[in-house]
Amino acid sequence: MSTKQSIMNLKIFTLSLALTFSTLFLSAQTTVPALITSDQTWTAANSPYLINQNTYIDSGVTVTMMPGAELIGSGAYRRLTVDGALNVLGSRDSLVKISGLQLAYSPKSADYHRSVGKEVAIQFADIKGTGVANRVFHLNGSIDFTIKNSKIDSGYYGIFYQTKFGVLGHLTIDSCEIYGIKGSINQGSVLYIVGTNADVSITNSIVGYGRTLYLNGDLNIENTTFKELNAIQMGSTASKRKVLRCNRFENSGEVKFLLQESNGSDYVEFTGNKIDSGHTSLHLSYSGS
Numbered sequence: 005m006s007t008k009q010s011i012m013n014l015k016i017f018t019l020s021l022a023l024t025f026s027t028l029f030l031s032a033q034t035t036v037p038a039l040i041t042s043d044q045t046w047t048a049a050n051s052p053y054l055i056n057q058n059t060y061i062d063s064g065v066t067v068t069m070m071p072g073a074e075l076i077g078s079g080a081y082r083r084l085t086v087d088g089a090l091n092v093l094g095s096r097d098s099l100v101k102i103s104g105l106q107l108a109y110s111p112k113s114a115d116y117h118r119s120v121g122k123e124v125a126i127q128f129a130d131i132k133g134t135g136v137a138n139r140v141f142h143l144n145g146s147i148d149f150t151i152k153n154s155k156i157d158s159g160y161y162g163i164f165y166q167t168k169f170g171v172l173g174h175l176t177i178d179s180c181e182i183y184g185i186k187g188s189i190n191q192g193s194v195l196y197i198v199g200t201n202a203d204v205s206i207t208n209s210i211v212g213y214g215r216t217l218y219l220n221g222d223l224n225i226e227n228t229t230f231k232e233l234n235a236i237q238m239g240s241t242a243s244k245r246k247v248l249r250c251n252r253f254e255n256s257g258e259v260k261f262l263l264q265e266s267n268g269s270d271y272v273e274f275t276g277n278k279i280d281s282g283h284t285s286l287h288l289s290y291s292g293s
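Plus 4 on top of the position in the sequence shown (first one is 1) and you've got my numbering.
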């Protein structure tokens with residue numbers, strides 16, 4: 005065989021190999037239907053999972069994202085509504101990636117409660133929001149929600165948690181980074197808790213780069229850094245316990261505690277915290293009888 009023929013054959017083989025890998029890559033994606041009606045496990049091998057329309061996980065249905073899985077939404081207002089269950093179970097060496105959509109846990113998913121041995125589990129995930137006016141997580145109905153070892157970025161609301169009257173919900177954030185929309189002027193309410201029936205724990209985390217932080221309910225916050233926030237407000241008419249230990253407040257505005265109990269049961273512990281005195285101020289407000 006001549007040298008010219010050998011080179012030609014090599015080029016053909018290389019092109020065929022490239023086309024084969026291209027075909028394999030293009031086929032290794034999954035389009036998610038508008039309504040998910042059966043239990044599913046999403047894996048790295050079949051990623052990315054593409055959501056091209058608003059999508060619902062039906063009541064009683066569980067979707068589990070395994071290490072390395074990737075979920076991509078097609079637009080700023082694209083939403084995955086969870087009427088059933090969505091668990092994100094990445095690993096330290098293989099994160100789950102989510103981008104381009106809002107994750108909304110509806111009141112129909114309210115069976116997420118410790119009293120029945122269930123709660124939302126998010127671990128080792130890298131989650132990127134869709135920008136101004138959108139929520140990365142919208143948790144509605146006092147569900148129990150735990151997120152650990154994860155990063156939430158670029159959401160106007162990183163976590164918007166709405167409690168239900170008469171039902172105590174638990175929000176647990178541990179070893180996470182949660183950021184608003186970074187810029188010359190940071191934007192977003194990075195954490196926003198509506199209602200009073202929330203038991204909130206934030207530990208070993210970094211929260212920052214937004215306009216405000218609004219924390220309602222009973223609070224336990226330890227070993228967490230708050231940075232580049234215009235204002236931080238904690239408390240409500242029904243929250244009784246606010247415990248902050250060994251936290252850092254860096255280049256933020258006013259840290260405001262609201263005490264509004266009329267029966268004297270409100271309690272604040274502020275111990276071992278470090279405040280950037282050049283930019284951050286502490287304010288205690290009381291209204292009651």
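Hints listed in this document are in silico derivations from the structure and should not be mistaken for laboratory results. Please note that a few of the clues may not be correct.
As a list, the in silico DSS-like pairs of lysine-lysine whose alpha-carbon atoms are at most 27 Å apart [to be verified]:
hint	residue 1	residue 2
1	168	122
2	186	155
3	112	231
4	231	260
5	132	112
6	231	278
7	152	186
8	152	122
9	101	132
10	278	101
11	155	231
12	122	112
13	112	186
14	168	152
15	155	122
16	101	152
17	168	112
18	122	186
19	260	155
20	152	112
21	122	231
Kindly indicate which numbered hints from before are broken by the structure, ordering the numbers from low to high.
3, 10, 13, 18, 21
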